[in-house]
Amino acid sequence: MSATATSERPPVDREHWLFLLREMLRIRRFEEKAAEMYSLGKIHGFLHLYIGEEATGVGAMQAFAPGDAIVATYREHGQALVRGIPARVLMAEMFGKATGCSRGHGGSMHFFDASRRFYGGYAIVGGGLPIAVGLALADKMQNRSNLTACYFGDGAVAEGEFHESLNLAALWKLPVVFLCENNLYAMGTALEHHQAQTNISAKAGAYGLPSNAVDGMDVLAVEAAAKQAAESVRTGNGPFLLELRTYRFRAHSMSDPDLYRPKGEIEEWRKRDPIALFEARLQQLGLLSPADLAKLEADVGAEIDDAVRFAEESPWEPADKLLDNVYGPAKP
Amino acid sequence: MTKLTYREAVRAALRKALRDDPRVFLMGEDVGGYGGAFAVSHGLLKEFGPERIRDTPLSESAFVGAGIGAALGGMRPIVEIMTVNFSLLAMDQIVNNAAALRHMSGGQFNVPMVVRVATGGGRQMAAQHSHSLEVWYAHIPGIKVLTPATVPDAYGMLLAALQESDPVFIFEHATLYPLEGELDEAAAEQMDISRAAVVRPGSDVTLITYGGTLGKTIQAADQLREMGIQAEVLDLRTLRPLDARTILTSVAKTHRAVIVDEAWRSGSFAAEISARIMEDAFDSLDAPVARVCSAEVPMPYAKHLEAAALPQTDEIVRAAQEMVPHHG
Amino acid sequence: MAEFLMPQLGADMSVGKLLGWRKKVGDRVQRGDIIADVETDKADIEVEVFATGTIEKILVQPGEKVPVGTALAIISEEGPSPGAGPVPPSPSPEHAAPTIPSPAPLIPTAPAPPAGGPRVHISPVARKLAADLGINPARLSGTGPGGRITLEDVQHAAQARTAEAAPEEKIDRAARMRQAIATAMARSKREIPHYYLSTEIDMSRSLDWLTGENLKRSVEDRLVYGVLLLKAVALALRKVPELNALWIEGKATPRPDVHLGVAISLRDGGLVAPALHHADRRSLDELMRDFRDVVQRARAGSLRSSELSDPTITVTSLGEQGVETVFGVIYPPQVALVGFGKIAERPWSSEGQIVSRPVITATLSADHRVSDGHRGGLFLVAVNQLLQKPEEL
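Chains as they are written, first to last, in the working numbering: chain A, 1 to 332; chain B, 333 to 660; chain C, 661 to 1053.
If you're looking for bench data, these hints aren't it; they were derived computationally from the structure.
Remember, predicted model here, so these are calculated numbers, not experimental data.
Keep in mind that a hint or two might mislead.
[Unchecked claim] Every beta carbon over 10 Å from chain C, so not counted as near; a handful from chain B, in silico:
1. R351
2. D353
3. V356
4. G367
5. G381
6. L420
7. G439
8. D516
9. E517
10. D524
11. P533
12. R650
[Stated by the list, open to error] Once the Cα atoms are required to be at most 30 Å apart in a straight line, the calculated DSBU-like pairs of lysine-lysine come out as:
13. C:K684 x A:K263
14. C:K683 x A:K263
15. C:K725 x A:K263
16. A:K263 x C:K677
17. A:K271 x A:K295
18. C:K683 x A:K271
19. C:K725 x C:K677
20. B:K378 x B:K335
21. A:K263 x C:K702
22. A:K173 x B:K378
23. C:K725 x C:K683
24. A:K271 x C:K684
All C-beta atoms in this analysis are idealised placements derived from N, C-alpha and C, irrespective of residue type, glycine included.
Chain A on its own, in the form it takes in the complex (with noise of 0.2 Å):
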């Protein structure tokens, strides 16, 4: 298939693309306040931002149903919002309180919900991949017609993973949508740099699995590119590979200096920001008024700052906790 497919525009559907901008929203504020907890010195750790990368979570997360998998990486905060986890349980994960989706115990990089199928974001990069293709495993054994839907970057194609698991997948005819958001940089080399072929999607031909690839600014496009991958699983031809080519405007993470990007690089992305360029789209056709649109701000920001004090008020984890989740009760 044929890169940026995005020509067709879906019909106008004002409710659904102010929800889509709505999510978009939700992430980036979301993430502005980590940002700035972090500095605050209320989050700890790492800390990897998804500010610029808003279209390809929502956009793709509209393609897969409630019964469906879902497998991140570190960097999953805008997928887990998607996905329907409360902001203020993420906010309160980071702050490592009990009320967080991990109880404290995983923090900004692993978020679970097992209640949503969301498997959780994996640091080791390309780990979820295997795991990614079990869950699809699993799903056919059973017959049920589950997908899913693996997230990872561009650095975890360089990773052995990634080859063992889209061979695995394509081998066994497995349901997964892998979904790699190429944001151009593995940490801070560059793809060109760290790849001999930097067209992704072409290396799913080394497994025969079909691919796509698709301009990951630009939420419509991702979503209809997501829902073609995933009826194309859905019907049994077995596994996906969607590249999504977008670009973080933060730092790696909050500790880096983001010194191997030019900063012109990132001023031509920042015209592409996939929430400014879809607030225009959606005024263009008339479709969002700035009353609109201060009221989305006005509830998102609502969200969030609900977020930050819920996690400001809840409890620690008590320390005699400690090792309670190490290992659970034989015969489950």
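Fit chains B and C to the known structure of chain A by using the hints.
Just chains B and C now, kept in the frame of chain A:
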């Protein structure tokens, strides 16, 4: 009572598990058509079909990771890794994912996966197929490590492992596969895997071992008996979680301990046992704890060199003799 | 009013050096603007502001190094910006002191020895025993590797000290044992109506067989004739099981297992009769091993109390002392006692001829409340028959 080999005992347990629980399936390199590198799964493909007896590509990381995913998705995978040396290719999945998932998800997810790994030397397989790296896994909280050394344990431990809600690693010492023994299935199906076994009672010295060196250790105890030294032999059976109580109770009685471990001495499981004895039974000791381990060398190929590298019965006898009064 | 703080810029950052201001007092700043540069151990990082307003005051000058959280500037805010207000401090989790219980020791341990004094080369368990017994280990010489004082060295020292320094105690022990024997025997003679039987047994077959058997064996594996007697008694009890019983609460209770009590006289006087368990089911070799073991331990004083209470019948042999015939006193609550004298060459009638044969006298003392002479006689006959077929023992 049935008389059968260790290999047949593992196969019998696999067959029972596959029959009893539709969630159970076996995957690994050459477990299907080939029948398993050690012929453990011979015949199972024909009986259970390719869906449940899955040959995998040579992708240890992917198929162990897929086992984790399948366990998360409600299956009961049994993953076979051909040798412990190959398991290193899957160590990321094992340590970073399988062992950590329950904890880092705040208790929401668990990984009921069983991984069977052939281990150990003694077959002239040289420096990339012969090592005993069980201790690396026994180091990791979140997984359980079993080392069946007998026919009943080969059968019962696999079935018990499938009852666990956490990832369980079963290390099968490759020299044990042809070992014959008596199996009482009903008794083995009820076995407690949390306890070390006192294989031979004795009063003068405790010989502590697991897995492939149990036979040599029992031989040593027999020879010691002829010399008038009553050696107590402990088979640890499970390395994690460790049954320290049985070890300490025995040492409190004998005042002396020799640990026999096929791994290299430095950083070995023998080192861990020795430290536990020092920490918790110091005032019971009448002699420093002794260790009989493999020579610190990647395993050589030639038979006589391999024999020189591995722990042998006479070394065990000598170590025990030296610490029992008037027998040194 | 908002404070612009030295930010945390990485997990390992505790202080930062302000490199420079990009804004000055009076400048308008907007949330997200880069307004300062900070040097951390890792890198120089541009620092953004999270408030919108005007810089009112600059508190830290370029070149200064300050801890994370230090106010660098004061910003007067224009209206409320969502969520930009200061967040109240929350209690640090460090204060919630972790209370992970340390596991209790699995077996009790003794306190460490007091420091000071010359270092004595002694094993931990020997040190502990020496401390318990009040023995100064510095006076002991070790027999362990490298001259280490072992548990056995301390035990020997304790025995020697007992022998030298505490003769009264030794007398006491012998006297106590005498007293216990006195009580048991007096009770036996008071309560048990004894009857006595005896028979002479030709030992030639047994001794011939034993000689042949021992020729095949190494010195340490050789059998003594006493073991044949024990096995014969144990097997004969199967034929007359009422002799293998205990008198409890006014009636005889037959015992399913045969545990022979073997009378062993101790060097310092005194007598014990520890059990050879399941003597009827043990091979001669096993019985020999068990017998050696209990004799050795009886003399070392390390019998278990159960071994003294387990016997279901007692066997006493006084042949070594030159005794010809033993008429024993039953050890209650047992109901019988078997005695053997010495083996002596005697004239013996065999197939119409008088020949010389090694003969032993076997006796039975039995409780008449439980058995009578007829049954007792059958028992002695059985013993005799068994000793004529030693290869089947």
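These are the hints, each one checked on the structure:
1. R351: 40 Å, holds
2. D353: 35 Å, holds
3. V356: The claim holds: V356 of chain B sits with its nearest Cβ about 35 Å from chain C, beyond 10 Å.
4. G367: 45 Å, holds
5. G381: 48 Å, holds
6. L420: 29 Å, holds
7. G439: Holds, since 18 Å exceeds 10 Å.
8. D516: With a cut-off of 10 Å, D516 of chain B remains clear of chain C, as the shortest Cβ separation is near 23 Å.
9. E517: 29 Å, holds
10. D524: 18 Å, holds
11. P533: Fine: 14 Å to the nearest Cβ keeps P533 of chain B off the interface.
12. R650: 12 Å, holds
13. C:K684 x A:K263: 23 Å, holds
14. C:K683 x A:K263: Satisfied, since the Cα-Cα distance of roughly 20 Å is no more than 30 Å.
15. C:K725 x A:K263: 27 Å, holds
16. A:K263 x C:K677: 23 Å, holds
17. A:K271 x A:K295: 24 Å, holds
18. C:K683 x A:K271: Between K683 of chain C and K271 of chain A the Cα gap is close to 25 Å, so the pair holds against 30 Å.
19. C:K725 x C:K677: Holds: K725 of chain C and K677 of chain C sit about 4 Å apart, inside 30 Å.
20. B:K378 x B:K335: 24 Å, holds
21. A:K263 x C:K702: Answer holds: K263 of chain A to K702 of chain C is near 20 Å, not above 30 Å.
22. A:K173 x B:K378: Holds, because 22 Å separates the two Cα atoms, which is no more than 30 Å.
23. C:K725 x C:K683: Holds, because 19 Å separates the two Cα atoms, which is no more than 30 Å.
24. A:K271 x C:K684: Cα-Cα ~28 Å, so holds.
Of the numbered hints listed earlier, not one is contradicted by the structure.
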